[in-house]
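Engineer: Letter by letter, the chains look like this.
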Amino acid sequence: MNWRMIKAEWLKLRKRRGLFWWSLGLAVGVVTLVFGVIEILHLSNAAQHGPAGGLTGITRGLTGLYAAAGVAAIIVGAFAGTADVSAGVFRDLVATGRSRWELFAARLPGALIFFIPIITLGYVVVAVCSVAFRGSVPAASASVIARGYGWVLLATGFDLAIALGFSSFTNSRAATIGVLIAWQFIASQLLLQVSWLGWVRQLIYSSALTRLNPSPALEGPGSRSVTHSAAVAAVVLLAWVAVMLAAGCWRTVMRDA
Amino acid sequence: MQLTHDSELSAPPGDVETVIETHGLTKRFGDRVAVNNVDLSVPRASAFGFVGPNGAGKTTLIRAILGLTHLTGGTVRLLGYTMPENHSRALARVGAVVEEPLFHLHLTGRENLEVVAAAREPEAHHRIEPALARVGLADRADERVRAYSMGMRQRLGVARCLLADPLLLVLDEPMNGLDPAGIEEFREMMSGFVGEGRTVFLSSHLLDEVQKTCDHVAIIDQGDILMQGLVEDIARGGHPEVRIRCDSADAAESLLKAHPAVNQVRTAGDTLIVELGTERGSETDTAVADLNRLLVESGVSVFSIEAERVSLEERFLEITSRLEVTG
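Heads up: the sequence lines are chains U and L, in that order.
Going left to right, the first sequence walks through residues 857 to 1113 as the working numbering numbers them.
Going left to right, the second sequence walks through residues 11 to 337 as the working numbering numbers them.
Rather than coming from a laboratory, the hints here were simulated on the basis of the structure.
From a predicted model like this one, the values you see are computed outputs, not experimental measurements.
The C-beta atom is built at its ideal place from N, Cα and C for all residues, glycine as well.
Incorrect hints may have been included.
Below, a sample of chain L positions facing chain U; criterion: calculated Cβ distance under 10 Å [as the list claims (entries may be wrong)]: (1) 83; (2) 134; (3) 286.
Simulated restraints, written as ranges between beta carbons of each label pair [stated by the list, open to error]: (4) L:80 / U:1042: 55 to 63 Å; (5) U:1042 / L:63: 46 to 54 Å; (6) U:873 / L:43: 40 to 48 Å.
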């Protein structure tokens, strides 16, 4: 792995001001807003509205953070996968003699280095708010907070990776963002409710991500529409990432520059 | 400013005299033949012009040579390495601007060079500042490329090539967007590169510029190489001619016809047009001096004597129009 190339990928993303501020807004702004609104409602009418924090708060925060930051991850992945081709510099990079495989391989770590601090900041807001605004309810333990962070990294990193692979394959940023958001937040959620699909629903990555979500409120039978083991969920996620990245890599290697 | 640590560039492996060599190179897009069975030979340390009208196949051929597109047929050797098998080794010492120079517009000039330097060997990073200085962009390197003029982008494209410390520079239409001063500056830069032992392969549809900048040329049209060789040979399309104005035209004509270096003499008004049998420029210069001496020593007053300037453009039009007639 070439660290200089990874740094160059990070530079390309970091210098896109619009992408940076949108990602920050989605990852940090949305959860800040959600916790703020709920806490204000709680303070104005404690009988009707519980505190923003606590175990429920961190579950709600994780869900909200993943929903918003998941969109940001897809957008970042789409930019990372298409940056060189859309700018027209892909041929100049190929003309350096560097293998196309290496050019592709630098994209994912570069994008993750850009995105992880942003998602971390968003999760810090979730963790701090869940403790600070817990009121009289029990606060999330350090273990739950740590596992929650791991899950958010996994889930958004997964979204970023498949968006990067898909966009490298299609060479279309707009199509990638549109298709993946529609699939993730609409189509797959509908399919998960179709019970006659049976075990096939285990292949839908949204259910696998939900399976690995450590939020206390999701524990217990019947809380998920599709049940499968953590190992199967992990295999499903790995398979999705492998297929998407392989498709993106194949296109990068085979396309005319 | 010299970019290499050594004053002389290291010789490429394999055939050191030929930096680009293609045999039967063919590229088809479906049924359309973009490049047809091309045999091309580019000598080392030359300024090689590659000319042809828009759509003639120039860029496709460049892309095929650099391994940016898959070949339909034929072979390519670049700096002595077979392509595409050895593309990493060959392209490590090649700098190329294919079509227009494109960049990440949201990055500065320096950052764009950093991105490309990262894909090259570690030493490339140390060449960024000298390259920017050489193309005259050191003062504007921290501005976003979005704000650059076309001329500045062309120069940044050359700077990007220099990151490779190239033995071969491949420049596709580099004069586009340059003002006359910029073109002159560019021409001097090209000649500086050749002086350092680098080869410049310059694709253009501006025939006059190629004639002024290059010593070798290949003419391509509709995917076929019509002609290649020294610019002066192709431009004149045969033997050089000299225009002489003098008194005693009849006596002068007789004297000139008897000279061994003269093929034929014809008159146009008060001017004698002398076709020489010489092949190279140095032979022509010697013959012209000899004819002048002969006339003067024979009592003929010579008012003016000049080599007839034949433009590559005229020659190109002649070749392509002949092609249209026979086609």
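Engineer: Go through the numbered hints given earlier and state which of them the structure violates, listing their numbers in rising order.
Structural biologist: Of the numbered hints, 1, 3, 4 do not hold.
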